[in-house]
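Chemist: Sequence:
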Amino acid sequence: MNPVEDALVKRLDLIAELDDEDRKALKALPATLRSVEAGSDIVEEGQRIRDCCLLLSGFTHRYRTLIEGKRQIIAFHVPGDIPDLHSLHINVMDHSFAATVNCELAFIPHEAIWQLCQERPAVAAALWRETLIDGSIFREWIVGLGRRTGLQRTAHLLCEMAMRLRAMGHGDGLRYHLPLTQNVLADALGLTVVTVNRVLQELRQADYVVRDRSRMTIHNWPALARLAEFDGGYLH
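Residue numbers (my numbering): 761 to 996.
Everything labelled a hint here was simulated from the structure, so no lab data went into it.
Be a bit skeptical, because a hint or two may be false.
What the hints assert, rightly or not - Label-pair restraints from in silico Cβ distances:
1) GLY993 <-> ASN851: 19 to 25 angstroms
2) GLU804 <-> ASN980: 37 to 43 angstroms
3) ARG935 <-> ARG986: 27 to 33 angstroms
4) ILE902 <-> GLY806: 36 to 42 angstroms
What the hints assert, rightly or not - List of simulated lysine to aspartate or glutamate pairs, EDC-like, C-alpha gap at most 16 angstroms:
5) LYS784 <-> GLU879
6) LYS787 <-> ASP766
7) LYS787 <-> GLU879
8) LYS784 <-> ASP801
9) LYS770 <-> ASP780
10) LYS830 <-> GLU805
11) LYS787 <-> ASP801
12) LYS784 <-> GLU797
13) LYS784 <-> GLU765
All values reported here derive from a predicted model rather than from experimental measurement.
Don't be surprised by glycine CBs; every beta carbon is placed ideally from N, CA and C.
Please model the entire structure based on the sequences and the hints provided.
Modeler: Rendered as structure tokens:
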């Protein structure tokens, strides 16, 4: 199985009931592979797009930038995600989408996806469910930014990323690769870099987590989840 087939089929099999013909049709989708360097925009706000992007390796993020230059990261994406699936219906981007680290991406034409959805209703339902799950994650992030403390927000994000990466076979849920700088974390959590540093130190001192460069190890999942009030049901 090639990387495109592996990532796309594996992701949709997690959230929907597909048969062998559905999987065969997904594997036949045309895709253009592209490497993107860390920090580079994949799609810019206001850009009209004609492809959906499948993340094969690396991390990406979606963000908005205010006039004065402040950035708010509004989502992270892990391998197997289709970050701009909504562009099938809204093909002018209202935010930007960038590579957090060096990434490998596959671009699938909208036209091919529309045709597949018409031919394979189960695939159409799976893609719709994927978009709904994306919305569910957005809602959880809004609750966090509005009502959780900086410590709780950080703990919640660490729990979320552990579960999402484990589902796609990247890490075992307690140990995983999280190549996010403190600047990136600050822009996602609505905190200053100084606060992010302090919060990570608090979590380490409490022996909840240990971060060794980009390697994250959760030492006490029950305590971390309790602190974050984390319930992974919203990930569906």
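Chemist: Do the alpha carbons of LYS787 and GLU879 lie within 16 angstroms of each other, as the hint requires?
Modeler: With a Cα-Cα distance of about 14 angstroms, the restraint between LYS787 and GLU879 holds, given a limit of 16 angstroms.
Chemist: For the range 36 to 42 angstroms, tell me whether the beta carbons of ILE902 and GLY806 fit it or not.
Modeler: 23 angstroms, violated
Chemist: Between the alpha carbons of LYS784 and GLU765, is the straight-line distance 16 angstroms or under?
Modeler: The hint holds at about 9 angstroms.
Chemist: Take a quick look at whether LYS770 and ASP780 sit within 16 angstroms of each other, Cα to Cα.
Modeler: 13 angstroms, holds
Chemist: With 37 to 43 angstroms as the target window, see if GLU804 and ASN980 comply at their CB atoms.
Modeler: Given a distance of about 41 angstroms, which is inside 37 to 43 angstroms, the answer is holds.
Chemist: Please verify whether LYS830 and GLU805 have alpha carbons no more than 16 angstroms apart.
Modeler: 15 angstroms, holds
Chemist: Take a quick look at whether LYS784 and GLU797 sit within 16 angstroms of each other, Cα to Cα.
Modeler: Violated - the C-alpha atoms of GLU797 and LYS784 are around 31 angstroms apart, more than 16 angstroms.
Chemist: If I claimed the Cβ atoms of GLY993 and ASN851 lie 19 to 25 angstroms apart, would that claim hold in this structure?
Modeler: For GLY993 and ASN851 the Cβ distance comes to about 31 angstroms; the hint is violated.
Chemist: Against the 16 angstroms threshold, does the CA-CA distance of LYS787 and ASP801 hold or violate the hint?
Modeler: 27 angstroms, violated
Chemist: Does the structure keep LYS784 and GLU879 at a Cα separation of 16 angstroms or less?
Modeler: 12 angstroms, holds
Chemist: Quick check: does the Cβ-Cβ distance between ARG935 and ARG986 fall within 27 to 33 angstroms?
Modeler: With a Cβ separation near 20 angstroms, ARG935 and ARG986 fall outside 27 to 33 angstroms, so the hint is violated.
Chemist: Hey, LYS787 versus ASP766, does the alpha-carbon distance stay inside 16 angstroms?
Modeler: Distance of about 9 angstroms is within 16 angstroms: holds.
Violated hints, listed in ascending order, are 1, 3, 4, 8, 11 and 12; each of the other numbered hints is respected by the structure.
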